[in-house]
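Quick note, the sequences are listed as chains A and B, same order.
Residue numbers for the first sequence follow our numbering, beginning at 1 and rising by one.
Residue numbers for the second sequence follow our numbering, beginning at 1001 and rising by one.
What the hints contain is simulated information worked out from the structure, not anything from laboratory work.
Bear in mind that the values here come from a model prediction, so they are computed numbers and not experimental data.
Backbone N, C-alpha and C define an ideal beta-carbon position, used for all residues, glycine too.
A few of these clues could be false.
[Claimed, not checked] Ranges of calculated distance between the beta carbons of each label pair, as one might list FRET restraints: (1) A1029/B x T14/A: 42 to 52 Å; (2) R63/A x S1070/B: 38 to 48 Å; (3) G1041/B x A2/A: 13 to 23 Å; (4) E1015/B x G42/A: 25 to 35 Å; (5) R30/A x R1022/B: 29 to 39 Å; (6) S27/A x E1115/B: 37 to 47 Å; (7) A1017/B x G62/A: 42 to 52 Å; (8) G40/A x G1053/B: 35 to 45 Å.
What follows is each chain in one-letter form.
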Amino acid sequence: KAGVTQTPRYLIKTRGQQVTLSCSPISGHRSVSWYQQTPGQGLQFLFEYFSETQRNKGNFPGRFSGRQFSNSRSEMNVSTLELGDSALYLCASSSQGTNTEAFFGQGTRLTVV
Amino acid sequence: AQSVTQPDIHITVSEGASLELRCNYSYGATPYLFWYVQSPGQGLQLLLKYFSGDTLVQGIKGFEAEFKRSQSSFNLRKPSVHWSDAAEYFCAVGGSLTGGGNKLTFGTGTQLKVEL
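Please construct the entire structure, taking both the sequences and the accompanying hints into account.
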């Protein structure tokens, strides 16, 4: 069974631009969560989607948004990029709606210059 | 405040020695507990999980963890460390106590170095 696939793996963007990251969950998994990982703040929860609905959101500004498609693939968008958005963005998929283990992708390394 | 604490930022052990990584949580009830491992530049790999039942859980790569309700702890152990175990280890809490769904709250991580 294929794991969680995140694309692209690496990205360099300029301040003020916007970026879209993609995540394909494990086949059959309906829940996708996104996390931001930085050396200073560690792993922080961004949001979770289940059956195309966002049902959990972390403490991030509105510049961070996401969506989930009917095939459970998810995208995350960051608008008006700031230098502090440089991070490893991790996607996790879970099989059920709640209280199930999460399987992570390799991440997308975003660098904002 | 609800939190997950990993008191050791860095730990160095010799290859073949035993290992224990500490994790404490502060929630009103027993949450779902996880240990993940991350190699440099990579995603997180699930080592083991505790949902309920037997308080000693076995995971992959020879790791085990023991849930102790009285101490609000979920420490990770390995009897004999291999050089390939060098990585960063994260304890995480999930379930309805963290906000519902599959949201995880992570500790700050413990960086493990293995001396040959």
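Outcome of the hint check:
no. : hint                        : result
1   : A1029/B x T14/A: 42 to 52 Å : 46 Å, holds
2   : R63/A x S1070/B: 38 to 48 Å : 44 Å, holds
3   : G1041/B x A2/A: 13 to 23 Å  : 20 Å, holds
4   : E1015/B x G42/A: 25 to 35 Å : 28 Å, holds
5   : R30/A x R1022/B: 29 to 39 Å : 34 Å, holds
6   : S27/A x E1115/B: 37 to 47 Å : 41 Å, holds
7   : A1017/B x G62/A: 42 to 52 Å : 49 Å, holds
8   : G40/A x G1053/B: 35 to 45 Å : 37 Å, holds
The structure meets every hint from the earlier list without exception.
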